[in-house]
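*Asks:* Chains as they are written, first to last, in numbering that gives the first Met the number 0: chain F, 0 to 178; chain B, 0 to 374; chain D, 0 to 594.
Everything labelled a hint here was simulated from the structure, so no lab data went into it.
Don't take each hint at face value.
Straight-line C-alpha distance at most 25 angstroms; calculated BS3-like pairs for lysine-lysine [to be verified]:
#: 1; chain 1: F; residue 1: Lys169; chain 2: D; residue 2: Lys71
#: 2; chain 1: D; residue 1: Lys115; chain 2: F; residue 2: Lys158
#: 3; chain 1: D; residue 1: Lys67; chain 2: F; residue 2: Lys158
#: 4; chain 1: F; residue 1: Lys173; chain 2: D; residue 2: Lys279
#: 5; chain 1: F; residue 1: Lys169; chain 2: D; residue 2: Lys45
#: 6; chain 1: B; residue 1: Lys285; chain 2: D; residue 2: Lys132
#: 7; chain 1: D; residue 1: Lys176; chain 2: B; residue 2: Lys327
#: 8; chain 1: D; residue 1: Lys339; chain 2: F; residue 2: Lys173
#: 9; chain 1: D; residue 1: Lys18; chain 2: B; residue 2: Lys181
#: 10; chain 1: D; residue 1: Lys211; chain 2: B; residue 2: Lys327
#: 11; chain 1: F; residue 1: Lys22; chain 2: B; residue 2: Lys236
#: 12; chain 1: D; residue 1: Lys111; chain 2: F; residue 2: Lys158
#: 13; chain 1: F; residue 1: Lys173; chain 2: D; residue 2: Lys211
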Amino acid sequence: MKEILKEIEERFGPIWERVQRPKLAQVGIEPAKAVPLLTWLKEHRGYVTLVHLSAVDWIEQGEFQLTWLLGNPETEERLMICSRIDRENPAAETVSGLWPQAVTYEQEINEMFGVSFPGSPRQGVPFILEGWKDIPPMRRDFDTVAFVEKHIPGREGRKHIDTRTYIGEKFGEKGYLHD
Amino acid sequence: MTETRERSKEVQIWFGPQHPGITGNMSVQTWLDGDTLTRGITHVGYLHRAFEKLMERRLYIQSFPIVCRICVPEPDTNEWLLASALEELSGLDREVPEKARWIRTLVLEMSRLGAMLMVLGGHAGSMGLGPAPQWMIALRDLVLDRFEELTGGRVYHMYIVYGGVRRDLPEGFAERMEQTLKTIESKLPLIDDVIFGSAVFRKRAMGVGVVPREWAFEMGISGPVIRAMGIPKDVRKDEPYEKYAELDFDVVTEEGSDIFARAMVRRREIQQSIDLIRQILARMPKEGPYCAELPNMLEWTIPVGQTYVRAESSRGEMGYYVVTDGSKKLRRVHVRGPSYVHGVSLLERLIPGTNIADLAPLMVSLQVCPPEIER
Amino acid sequence: MSLKHVLQPFNAWVQAFSKPYTIPMKDTMRPGADRYRGWHINDVEKCVGCGTCADICQNAAIDMVPVKDPVKGDSGLRPKIDYGRCCWCALCVDVCTTGSLGMSNEYTWVEKDPEKCRYTPGVDAKPWDGSEKGWRQEEGFSLIVKDRVPMPMLDPKERIKTWAEVVVGYSVEEARKEAARCVSCGLCVAACPAHMHIPDYIGAIRDGDFEKALDFIYDNNPMPEMCGKVCTRRCEGVCSVGIQGEPLAIRWLKRFATEQFEDFAKVLHPEVKRVGEGKKVAVVGGGPSGVTVAYYLAVRGFEVTIYEALPQLGGATFFGIPKYRFPMPSLEKQVDLLKKAGVKIVTDHRVEKDEFRRLLEENDALFFGTGLMKPYKLGVPGEDLEGVIYALDLLRDHHVGKKVEVGESVVVVGGGNVAIDASRVSRRLGAEVTIAYRRRREDMPADDEEIEDAEAEGIELVTQSIPLRVEKLENGKLDFIWGPAEMVPPDRPGGRPKPKLIEGVENHLQVDRVIVAIGQKGEFEWMPEEVAEKVVTSRGWVEVDETGMTQWPGIFAGGDLVNSTADAISAIADGLKAVEGIQQFTLEGLSVSKS
Ligand SMILES: Cc1cc2nc3c(=O)[nH]c(=O)nc-3n(C[C@H](O)[C@H](O)[C@H](O)COP(=O)(O)OP(=O)(O)OC[C@H]3O[C@@H](n4cnc5c(N)ncnc54)[C@H](O)[C@@H]3O)c2cc1C
Ligand code: SF4
Ligand code: SF4
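Start from the sequences and build out the full structure, keeping to the hints where you can.
*Replies:* Listed below in structure tokens is the structure:
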């Protein structure tokens with residue numbers, strides 16, 4: 000996989016790369032160059048399959064990562080193309096023109112992360128959620144526990160005692176350096 | 000003028016979410032002209048349990064009992080994928096013992112067998128051929144008996160864990176497994192009679208639901224669907240995992256790319272699984288550990304990394320995209336099931352021109368599994 | 000479409016005549032497989048209520064509920080399972096620290112009221128209690144780490160040539176790895192006399208935050224580096240991980256955390272109200288109890304002076320415990336913090352009666368922790384011969400820098416830590432050493448590891464040996480004469496088996512020194528009679544109330560002469576108690592000088 004990584008570097012400028020397994024490599028590239036790279040890989044290098052498209056929320060860095068996984072059915076090699084976009088008003092270029100199934104992936108990411116793919120046919124159309132009002136739920140700052148407590152309250156009469164705290168209280172554990 | 004008239008003839012029907020012909024809890028919104036479908040849209044969400052999100056909020060070990068629930072008929076592939084991804088990212092893969100690798104291969108094949116028995120029954124059931132599905136479910140139950148004694152559970156096994164498997168093979172397992180395989184084999188000719196030998200099945204399956212070969216690679220079609228096009232794609236050969244490289248088997252292919260060909264691939268893979276299980280049991284080491292020494296699972300952290308691992312499930316290429324961030328919990332896990340493509344983009348493309356009566360058989364032949372679409 | 004394909008399906012009819020493989024429910028209830036994951040069972044006598052099962056349950060199906068009073072080593076809580084949530088993953092069973100939790104192979108239970116589908120296995124009786132089958136822990140699979148990270152030690156052959164510390168200490172990697180074994184149950188906190196925040200500092204070490212660890216540690220122990228090296232570690236005795244594996248190396252982890260810092264004052268930033276401003280407290284005796292009182296009162300603004308007869312603070316941890324276990328720089332580091340906290344330290348200063356009376360006049364409260372300084376006598380003929388010495392004297396002389404000689408061979412009489420220390424010190428002074436102990440090896444009060452270390456250094460252990468007399472030989476050596484003992488049942492039920500001399504047999508051992516180490520007691524000659532009368536019991540102990548105060552209002556006491564455990568951490572715990580007592584006493588406007 001070294002050759003293809005080298006070629007990508009030469010053609011598309013600085014990238015971040017890593018060979019994860021003999022048949023799986025990762026490439027990090029700036030968002031503007033991602034789709035040109037994907038197109039080139041599909042059209043000239045046999046990476047004709049879009050295996051999946053996924054998003055990762057790096058909330059601490061204020062970024063979303065998009066990961067397109069391409070497959071070359073000839074060699075069975077896989078390339079993971081990663082790109083980080085701004086978490087504020089996130090948007091990325093669609094690949095639905097290159098791969099029909101990308102429509103669903105882009106629809107789902109739009110729904111679950113709030114990343115939009117202008118020009119992709121089913122943007123804004125609910126896929127898994129219907130009538131969802133909250134923030135896109137796969138974002139890291141969506142509070143699952145609060146959601147559950149609000150919508151699906153637990154069984155009544157349950158009371159769990161945390162052993163660690165309980166022992167401290169029962170045996171008079173105290174601190175002397177802090178009030 | 001003509002256009003409006005045409006329109007007014009169009010009938011809209013919701014196929015599912017509760018319909019015996021639907022492969023699980025989903026629905027297809029269809030438009031009909033006469034009894035011919037003109038258009039269809041897949042709707043999912045009836046089963047959404049937010050597995051991927053849940054796993055981001057749990058320790059790695061706590062995610063382990065979750066993944067099996069993504070697939071009822073074939074939970075083990077999910078267990079293996081999560082284990083293998085985390086082992087790769089943590090370096091634990093170097094410590095998985097030999098015996099564990101054999102047991103895992105065994106479990107994966109048992110699970111494929113159980114799933115294929117079920118879906119082959121489904122093929123017949125979706126055409127109203129009653130007895131076959133019942134027999135197939137009964138045969139599958141015999142496989143579940145073996146699962147029960149091996150893993151302690153019939154449906155959700157929670158058995159393949161980071162570092163290996165949770166328990167050793169019980170005493171006399173191989174003999175009982177052989178007995179089960181024999182029983183299954185003895186019933187297969189009868190199944191052939193009532194399914195592949197049936198005029199109804201042949202008439203409704205041959206030449207129906209043909210997937211054009213050109214779509215195969217671009218759309219990422221896999222499993223029996225691609226093999227029924229005569230294309231020998233199988234992850235067990237393409238990127239062999241666990242002990243598959245050491246086993247003797249050929250990729251099953253059929254020609255025609257129709258419902259019949261897909262059913263036939265499954266029929267032949269049932270036999271293939273039976274053969275593989277025999278090979279595995281014959282070569283399984285008798286002694287040795289079945290799991291690596293694990294770190295304290297309540298405090299396990301995995302360094303920053305990402306990977307994609309894949310396996311051949313009965314439905315096709317199942318993959319896990321896993322991202323870790325150095326903490327005790329997953330940053331992201333994305334479950335890529337074959338149905339995501341087969342059940343949405345592919346199904347929607349195949350629907351126009353299909354007879355409504357063929358929609359259920361078509362969906363079964365694509366082996367659409369809604370939980371793996373919406374996770 | 001051929002006729003064949005029309006007829007072939009009718010073959011299905013053969014099935015109508017074959018034996019069904021379904022099992023008729025009416026005849027038999029099909030049992031679950033041998034390792035089926037069915038309803039839970041729990042051996043509640045074995046369960047210690049650590050709560051690890053509840054921690055691992057990803058469904059939050061487990062509540063820990065009280066079923067009895069907490070005691071050391073058992074929280075008294077037991078897991079109660081909500082079957083509305085349980086997914087039968089059995090992670091709780093596999094993680095269970097004691098192996099008490101299991102699952103039966105029963106899988107049916109019908110109940111009209113779903114609320115009933117919650118129970119505490121082993122407490123609420125169920126038909127499957129005592130089930131032999133079902134999911135249990137198995138050899139070869141563990142979700143916790145049972146083996147301890149081994150502690151590097153100096154080679155026994157090398158270490159007897161030096162006074163260098165035997166225990167090398169964990170590297171950062173080793174310490175973090177060991178710390179990661181903790182399941183944070185907190186049972187240790189109950190067992191520690193000072194109730195140190197153990198899971199918290201272990202957690203901080205695991206996360207690599209050593210400053211935070213030190214902050215937790217110093218929160219209720221002002222001599223943690225000492226404890227990290229020599230503590231009797233009652234905590235480790237109840238560690239839940241230790242029930243099926245080796246306990247966490249709690250002592251070594253504390254040691255590791257303290258060793259990361261040269262100057263504790265730079266790391267610790269006490270945030271307490273300085274309620275003691277303007278109040279004066281005198282502390283007599285610079286052992287662990289006294290140091291504890293002095294330090295925590297000083298950070299609260301009290302003006303504290305500590306008086307110590309020996310040239311260094313530390314008490315028995317200075318003059319008793321050998322330097323290969325607890326080196327001087329470690330002690331100095333801890334004393335240094337005391338100074339920086341503003342404690343006035345007066346060493347080489349033995350408080351006598353008059354001064355004590357004066358201290359009563361000048362202070363708002365007074366604490367004494369003067370320890371057990373007087374050795375017990377052997378009580379056999381020949382004890383007064385030259386060459387029969389006391390371990391406490393030997394160790395003290397050696398540690399204050401006096402020249403000591405033990406000759407070529409010694410016998411040490413006793414089985415406690417003092418005996419082991421005297422033996423190992425003698426070994427390092429060049430002698431062949433034999434330990435003579437009355438009971439069996441398993442009865443020895445000394446720490447097991449210490450005994451092993453001593454044996455590794457070539458010290459011989461003679462158990463069930465009763466000293467008869469000591470005689471002087473022509474060659475100037477001593478003849479230590481002893482008789483063998485047999486073990487007889489204890490006088491009262493629950494007591495220890497007793498050694499009984501087997502009459503008529505005499506064994507001889509030629510030695511240069513007989514070192515007596517059979518215990519020590521309090522010494523009160525320095526104490527004014529009117530005080531002693533009130534605070535010292537007829538048996539030579541000092542009794543205090545729950546605030547650490549003696550019968551004399553305003554005089555507090557702690558340490559070896561108060562507690563029955565006589566170890567450093569108990570002395571520290573006594574000190575903590577007195578800190579609160581003294582604070583309370585003085586803040587109520589009371590004062591020893593006015594009483
Ligand atoms: C050899 C030996 C080994 C031990 N090993 C261990 C061990 O491994 N682990 C452990 O936990 N414990 C050990 N101990 C016990 C532990 O050291 C004691 O329990 C602890 O030090 C008791 O503390 P204390 O506060 O009672 O004072 P002590 O340590 O007993 O100190 C009392 C201090 O008071 C001073 N003093 C007495 N009278 C006066 C006076 N009139 N004026 C001024 N000063 C006075 C003494 O000089 C002494 O320094 C050991 C003890 C000995 C002797
Ligand atoms: S079996 Fe699993 S879900 Fe049930 S109580 Fe135990 S850990 Fe929780
Ligand atoms: S883990 Fe085991 S010992 Fe601990 S509370 Fe649960 S059942 Fe009891």
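*Asks:* Next, verify each hint and record whether it holds.
*Replies:* Here's how the hints hold up against the structure:
A hinted pair counts as satisfied when its Cα atoms are at most 25 angstroms apart, and Lys169/F with Lys71/D qualifies at roughly 11 angstroms. Restraint check for Lys115/D and Lys158/F: satisfied, since their Cα atoms lie roughly 15 angstroms apart, inside the 25 angstroms limit. Restraint check for Lys67/D and Lys158/F: the C-alpha separation of about 16 angstroms stays at or below 25 angstroms, so the hint holds. The hinted pair formed by Lys173/F and Lys279/D meets the criterion: a straight-line CA distance of about 24 angstroms does not exceed 25 angstroms.
Annotation: proposed proximity of Lys169/F to Lys45/D holds, straight-line Cα distance about 21 angstroms (limit 25 angstroms). Annotation: proposed proximity of Lys285/B to Lys132/D holds, straight-line Cα distance about 24 angstroms (limit 25 angstroms). Our distance criterion of 25 angstroms between C-alpha atoms is met by Lys176/D and Lys327/B, whose separation comes to about 15 angstroms. A threshold of 25 angstroms between alpha carbons decides the hint, and for Lys339/D with Lys173/F the separation of about 23 angstroms falls inside it, so the pair holds.
A threshold of 25 angstroms between alpha carbons decides the hint, and for Lys18/D with Lys181/B the separation of about 16 angstroms falls inside it, so the pair holds. Of the supplied pair hints, the one linking Lys211/D and Lys327/B holds, its CA atoms being roughly 20 angstroms apart against a limit of 25 angstroms. Under the criterion of a C-alpha separation no larger than 25 angstroms, the hint pairing Lys22/F with Lys236/B is consistent with the structure, at around 13 angstroms. Distance restraint check for Lys111/D and Lys158/F: the Cα-Cα separation of roughly 23 angstroms lies within the 25 angstroms cut-off, and the hinted pair is therefore satisfied.
Restraint check: the Cα-Cα separation between Lys173/F and Lys211/D comes to about 17 angstroms, which is no more than 25 angstroms; the hinted pair holds.
Checked against the numbered hints given earlier, this structure breaks none of them.
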